[in-house]
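Trainee: Sequence:
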Amino acid sequence: MIQRLWRIKDTRPLNLGVFCCLICLSSGLILTPLRNGTITTKNYETSDIRRNIILATKDRETEFHSKPQTKKFRIRRNVMQMARMLKCMSGCNPLSYRGYGCYCGYMGSGQPVDDIDRCCLQHDWCYAFISCPQTLIYFVPYTWQCMNPGAAHCGVASMPGVSQKCATQLCECDREFARCVSNYPCPRKKPGCKASNYIMLQTISNNDI
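Anchor point for the sequence shown: position 64 equals 64 in UniProt numbering, and the numbering is continuous, going up by one each time.
The reader is advised that the hints may include incorrect statements.
[Unchecked claim] Cβ-Cβ distance ranges computed for the label pairs, FRET-style:
1) 194 <-> 156: 40 to 46 Å
2) 164 <-> 79: 17 to 23 Å
3) 156 <-> 95: 26 to 32 Å
Keep in mind the hints are simulated off the structure, nothing from the lab. Keep in mind it's a predicted model, so treat the numbers as computed, not measured. Each residue gets a CB set at the ideal place from its N, CA and C atoms; glycine is no exception.
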């Protein structure tokens, strides 16, 4: 089902150096970072969202093989809601992902160590490119339901316009992340990140959890 498209025309400066298209899941928006450092939003049919975010991710991954990466954006997630969604969709202990690899912790740099770590990086991209004010990302709750083990559904929260759109996009970012990691077995131990001594220490401490 194709959901209602939001008609938003916006051009803002963005100094992230990411030359790919990232999709705001379920929002009907495609955000396109350009080489001149700006980002634009365009209408997009939600039926194409999953296919395009996969293609965009594959294009972005080629950059990791050509030069070291240092993530310049990091947004703290709504931990409790995402933890419940992870449990619903993957069946794994949410703490097993804490401090996993290079991108499943509080900081991030270098290349993802494996597919689970790549899911965490994709989630950071999703949060970084949604059309949501930074202050709302920290405080806006979203509505979702665990339909059955392995499936989650994002609902529509009863909030003012901007907050409602923000909540929907945040929920879809978290749901896509939970779906991504659910493709792999529950982690039994956490690989370290060779790109950062701090992240490596974080991983060692989190392996005791």
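Trainee: If a hint holds in the structure, say so; if it doesn't, say that too.
Mentor: We went through each hint and held it up to the structure:
1. Checked against the hint of 40 to 46 Å, the C-beta distance between residue 194 and residue 156 comes to roughly 43 Å, which is consistent with it.
2. Taken as a hint, the range 17 to 23 Å holds for the pair residue 164 and residue 79, whose Cβ atoms sit roughly 21 Å apart.
3. Between residue 156 and residue 95 the C-beta distance comes to about 30 Å, which sits within the given range of 26 to 32 Å.
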